[in-house]
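Here this note's numbering is used: the first residue of the sequence shown is 123, the next is one more, and so on.
I should point out that these hints are in silico values taken from the structure, not numbers from a laboratory.
C-beta: ideal position from N, C-alpha, C; glycine also.
Hints may be right or wrong, so weigh each one.
[Claimed, not checked] Okay, derived cross-link-like pairs now, SDA-like style, lysine to any residue, Cα gap no bigger than 25 angstroms in a straight line: (1) Lys-175 - Asn-244; (2) Lys-250 - Ile-190; (3) Lys-288 - Ala-237; (4) Lys-175 - Ala-192; (5) Lys-175 - Asn-151; (6) Lys-250 - Gly-226; (7) Lys-175 - Asn-186; (8) Lys-288 - Cys-234; (9) Lys-288 - Ser-224; (10) Lys-175 - Ala-231.
[To be verified] Okay, the calculated beta carbon distance ranges per label pair: (11) Asn-225 - Asn-301: 35 to 45 angstroms; (12) Ser-240 - Ser-158: 35 to 45 angstroms; (13) Asp-223 - Lys-288: 30 to 40 angstroms; (14) Gly-226 - Ser-195: 14 to 24 angstroms; (15) Met-276 - Ala-298: 33 to 43 angstroms; (16) Ala-149 - Pro-210: 33 to 43 angstroms; (17) Ala-298 - Gly-226: 15 to 25 angstroms; (18) Ser-240 - Pro-154: 11 to 21 angstroms; (19) Ser-240 - Ala-161: 10 to 20 angstroms; (20) Thr-172 - Val-241: 19 to 29 angstroms; (21) Val-241 - Thr-176: 13 to 23 angstroms; (22) Thr-286 - Asn-244: 24 to 34 angstroms.
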Amino acid sequence: MIKRKILVLLMLITTLFAFNNITAYAAYNLEPYEWSDSAIKYYYDNYNSTRFKTYIGIAASTWNSESINASLSYQYPIGAYCTEVQDPNAAWDGICYISYDSNGYITNATLCLNASISVTWNNDNALKSVAVHEFGHILSLGDNGEMKCIMNDMTWGTNSRYGTYKLTTPQSIDVAGVNYIY
């Protein structure tokens, strides 16, 4: 009888651990919006620096090299507007502003990279990490706390996307998020 109770208890604990892992994957954050077409356009003005334009292109190419059901391509002046800012008072190195209609379709999107955050701006891989992360928002992905994924919301610090995990490319869970939406 005691052996049976121990066996049932072990099965229950194993089941709880299994559901706990499923819950962790289910906790990946998606945004409540998407583009009406999976062929997503972006553009920027020529006054942005060469460094900015290079890393925006690298970030789009990085996403396009993944097996996602969406694509990013430059087409002036259509789609998500990308721009470089100089804001030394901001705590962020990258940010997106997105508006969408009552059907959940994106009507306006702006991606900003902050050149004033020199620890990121002057580090090629950190800047790539930020640009790829921000394009994740353009692709309708949300911030995902301290997870080991490109949508981890921190560039630097403990359990951060770049400072800790050195991520510069989407991880399988990021790709799955895009493919769930598109």
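Okay, the hints, checked on the actual structure:
Only pairs whose Cα atoms come within 25 angstroms are accepted, and Lys-175 paired with Asn-244 is accepted, the gap being roughly 14 angstroms. The suggested pairing of Lys-250 with Ile-190 holds, with an alpha-carbon distance near 19 angstroms, which does not exceed 25 angstroms. A distance of roughly 20 angstroms separates the Cα atoms of Lys-288 and Ala-237; the hinted pair therefore holds under the 25 angstroms criterion. The straight-line distance between the Cα atoms of Lys-175 and Ala-192 is roughly 21 angstroms, inside the 25 angstroms bound, and the hint therefore holds.
Proximity of Lys-175 to Asn-151 is assessed by CA-CA distance (about 28 angstroms); at most 25 angstroms being required, the pair is judged violated. For the proposed pair Lys-250 and Gly-226, the alpha carbon gap of about 28 angstroms is over 25 angstroms, so the pair is violated. For the hint linking Lys-175 to Asn-186, the alpha-carbon distance of about 17 angstroms falls within 25 angstroms, and the restraint holds. Note on Lys-288 and Cys-234: the hinted pairing holds, with a Cα-Cα distance of about 21 angstroms set against a maximum of 25 angstroms.
At roughly 37 angstroms between alpha-carbon atoms, Lys-288 and Ser-224 are farther apart than 25 angstroms, so this suggested pair is violated. Restraint check for Lys-175 and Ala-231: the C-alpha separation of about 17 angstroms stays at or below 25 angstroms, so the hint holds. As the Cβ distance of Asn-225 to Asn-301 is approximately 21 angstroms, the hint placing it in 35 to 45 angstroms is violated. Between Ser-240 and Ser-158 the beta carbon distance is about 38 angstroms. The supplied range of 35 to 45 angstroms therefore holds.
One distance hint, 30 to 40 angstroms for the beta-carbon pair Asp-223 and Lys-288, holds here, with the actual separation near 38 angstroms. Taken as a hint, the range 14 to 24 angstroms holds for the pair Gly-226 and Ser-195, whose Cβ atoms sit roughly 22 angstroms apart. In this structure the hint that Met-276 and Ala-298 lie 33 to 43 angstroms apart at CB is violated, the actual value being about 21 angstroms. Distance hint check: the CB atoms of Ala-149 and Pro-210 are about 34 angstroms apart, consistent with the given range 33 to 43 angstroms.
Taking 15 to 25 angstroms as the suggested C-beta distance range, the pair Ala-298 and Gly-226 conforms, at roughly 20 angstroms. Between Ser-240 and Pro-154 the Cβ separation comes to about 34 angstroms, which falls outside the hinted range of 11 to 21 angstroms. About 35 angstroms separates the C-beta atoms of Ser-240 and Ala-161, a value inconsistent with the hinted range of 10 to 20 angstroms. With their beta carbons about 20 angstroms apart, Thr-172 and Val-241 fall inside the hinted range of 19 to 29 angstroms.
For Val-241 and Thr-176, the Cβ-Cβ distance of about 19 angstroms falls inside the hinted range of 13 to 23 angstroms, so the restraint holds. Thr-286 and Asn-244 have their C-beta atoms about 19 angstroms apart, which leaves the hinted 24 to 34 angstroms range violated.
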